[in-house]
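These protein sequence lines map, in sequence, to chains A and B. Sequential numbering from 1027 applies to the first sequence in this note's numbering. Sequential numbering from 518 applies to the second sequence in this note's numbering.
Keep in mind the hints are simulated off the structure, nothing from the lab. Keep in mind the model is a prediction, meaning the values are calculated, not measured. Backbone N, C-alpha and C fix where the C-beta goes; we use that ideal spot for every residue, glycine too. Careful: at least some of the hints might be erroneous.
Among the chain B residues that face chain A by a calculated CB cut under 10 angstroms, a handful are [as the list claims (entries may be wrong)]:
1. 626
2. 645
3. 653
4. 712
5. 804
6. 827
7. 830
8. 834
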Amino acid sequence: MHSIVAIKQVPDTTNVRINPETGTLIREGVPAIINPYDVHAIEMAVRLKERFGGKVTVVTMGPPKAVEALIECVEQGVDRGILITDRRFAAADTLATSYVVARAIEFVQEQEPVDLFLFGKQAIDGDTAQVGPGVATRLGVPLISYAIAIESFDPMGRTAVIHRKTERGTEVLQTSLPALLTVEKQIAEVKRSPLPNLIKALQYQPEIWSAEEPYLFDLDKIGIKGSPTIVGRAFTPPPKEPGDVVKVSERGLTETVAYALGQICQADVVEFLSLAGDTGGNK
Amino acid sequence: MSDRKIWVYIEQEDGKAHQVSWELLGAANRLTAELEGSEVEGVLLGYNVAHIAKEAYRYGARRVYLIDDPVLEKYRNLPYAVGASQLVEKYHPEIFLVGATILGRDLAGSIATRVRTGLTADSTELAIDENKKILAATRPTFGGNLMATILCQTKRPQMATVRPRVLPLPAPLPKANGELITELLKMKEEDVPVKVVRFVPSEVQFNIEYANVIVSGGRGVGSPDGFKLLQELADLLGGVVGASRPVVDAGWLPHEHQVGQTGKTVRPKLYVAAGISGAVQHRVGMSGADFILAINTNPNAPIFQIADLAIVGDLYKVIPELIEQVKTAKQGVAHVQ
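Throw the hints in and build the complete structure from the sequences for me.
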C-alpha cells in the first residue's frame, strides 16, 4: 500500500493583516503552516498504512523553507518527503503547478507503484481547489473531490468506496484504484504524533529536487512561462460607507429597537414589515 | 455564428438547473456590451435535459450546445469533463464561465487541464479589460484579505468559476428562444471508472445561500443555547440562522450554517449579525446583503464598518426586544389585512 500526499506550505491566513496605509499584506510574523486540509489528507494516508502496511510519500512544491513542513509530515507518520524547489517554478498558476506535481508523482510512481493520491480540498492562501482536479486529469486517474470518508478500501482488489460531500447530501462512489481524492477535514481526525515519529523527524532530511534533477521538467511548462494566467492587479477591498450607529446606552432599549425596525421597514427588505410600515392603508 | 463565443456552463442535477447558471448568463450578457462581436451561449450536459435549454434561452443564451446521453445521467467528473472538453475543442469559445459550486469547481479544473488553458477560481466580479479586450476576473484571496484581478492572455478559452449569489439573477424573458446544437458524447459507460453507489440526501434541506433573511450569531452569543433566541427571531422574519466560523468550529452549529470565506456566500435582503465581530473572512461572505443590522457590545467591532445600522448594545437585551416589536408589527399587519 503506497499513498502519495501532495501538500502546500501556506501563510496562516487567519493571522494575515493589512497595512492600512499602504493597503498591502503584512506577512512578517505570520507563521507558515501546512495547509490545514492537507494535514487531514496526511492523517488518512497514515491510517491506511497502519491498516495495510506500506508507506506514505509526501510531495510539495515551494520555497526552501518548506522543508520544515516535510519534517512535520514525518512526525505525523510520513516515510518519504520530497521538496521540489527552484526559482524557475516561481509564479506558477494552477496549470503549471499541476504539471509539476503530476510529473513528480509519475517519476516516483515508476520506482514504486501508487494506490492512492491524496490532496487537501484547497489551500487556504489561494483557495482555488484546482490543483487536485488538474493532477488527476494529467495522471488519467479517477478524481473524487470533497471526500469526507472512505467506506471501504481494497488495495488487492484495486477498488474503493468513497463518500463525497455535494450541495444536497452525500454521494457514495465506487472507484477503481489508483484514484485521486481531495479531502475535507472530516476524512480523518488528526491524532497526536507518537514519540518514535518525533525522534525519526529530528534526523530526517527531505529530498530536494530542482527543475532539472533528478527529473528534468519541461522548462516551458513551469513557472511564469507555463502559466497562462497572471495577476493583473491586486488590491484591498474598498471600504463601504459606514452606516448609522445607535447606542442602547444613549437612546434606551425600546427606542433603539423601534428605530432599527423603522429602518428595516424603510429599506423594504422584509415584506410584512414593509406592510406594517405602510400607513396608507391601501391593503 | 459568432466568432467570439462567451460560454456559460448550465449546471443541472436530476433535470433541475442550478440558479448560478442564470446568474452567469446575466453576467455574460453584460460582458457582450464590452466585447465586440460576442454572443452568449450555454453548454448543457446530462440525460433527458433538453427542457433546460429552453430555460437557458429565457435567461439570455442565444444558443445551447447539448450532449444528452445516459452516461451523463448522474454527474461524474470524467464523462462530464470529456463532454465539455469535446465541445471546447470543436467550437473554440473565447470565454467559458462555470459556477463555483461543488460540482462546478470539480468540473472546471478538469476541463481547463484537458484543454490546457487558464482558469480563475471562485471569481466575484467579471469585466472586460478595456485595453486588452480580455476577461478580467476578480477574486478574493488570502482568506478575503486581498482582491486579485486575474487575466488569461495566452490561452483560450479564458475560463473562470464564479461564486453563486454574488452576481444578480437576471429577469427571465418568457418569449425568448434560441438555437439547439446537439453533439454525441465520445465516451461509453464501460470507460467510466467511477460508479454512483447511492446518494444520501442531507437530513435537513437547509439552503442558507438563497435565504431572504438571515439572523447570524458569532462568538458573542456565548453558548449553543443562545442560538434558540436567534432562531426565534429568524422564524418570525421568515429567515434562517447563520453563524460565523468560531461558532461552527466550537461545534455550536453544523457547517451548513457557516457564512464566510470557508462557508457560504449569502446575499439576503436582511442580514442580522449578532455578536459577530466581523473578521474579513466573515464579511466577504455577507457584504452583498441589501441591509445589514449589526448588534455588538463593542463599539469598535469591524462589522460596524459595513453595517447599514449598528446597534451598540447587548444582544441578549436587543434581540428579545426586537422579537417583541416584530410580533407587535406582525399583529398590526394581520389586523390591517
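Verification of the supplied hints:
{"no.": "1", "hint": "626", "in the structure": "holds (3 angstroms)"}
{"no.": "2", "hint": "645", "in the structure": "violated (12 angstroms)"}
{"no.": "3", "hint": "653", "in the structure": "holds (6 angstroms)"}
{"no.": "4", "hint": "712", "in the structure": "holds (5 angstroms)"}
{"no.": "5", "hint": "804", "in the structure": "holds (7 angstroms)"}
{"no.": "6", "hint": "827", "in the structure": "holds (4 angstroms)"}
{"no.": "7", "hint": "830", "in the structure": "holds (3 angstroms)"}
{"no.": "8", "hint": "834", "in the structure": "holds (6 angstroms)"}
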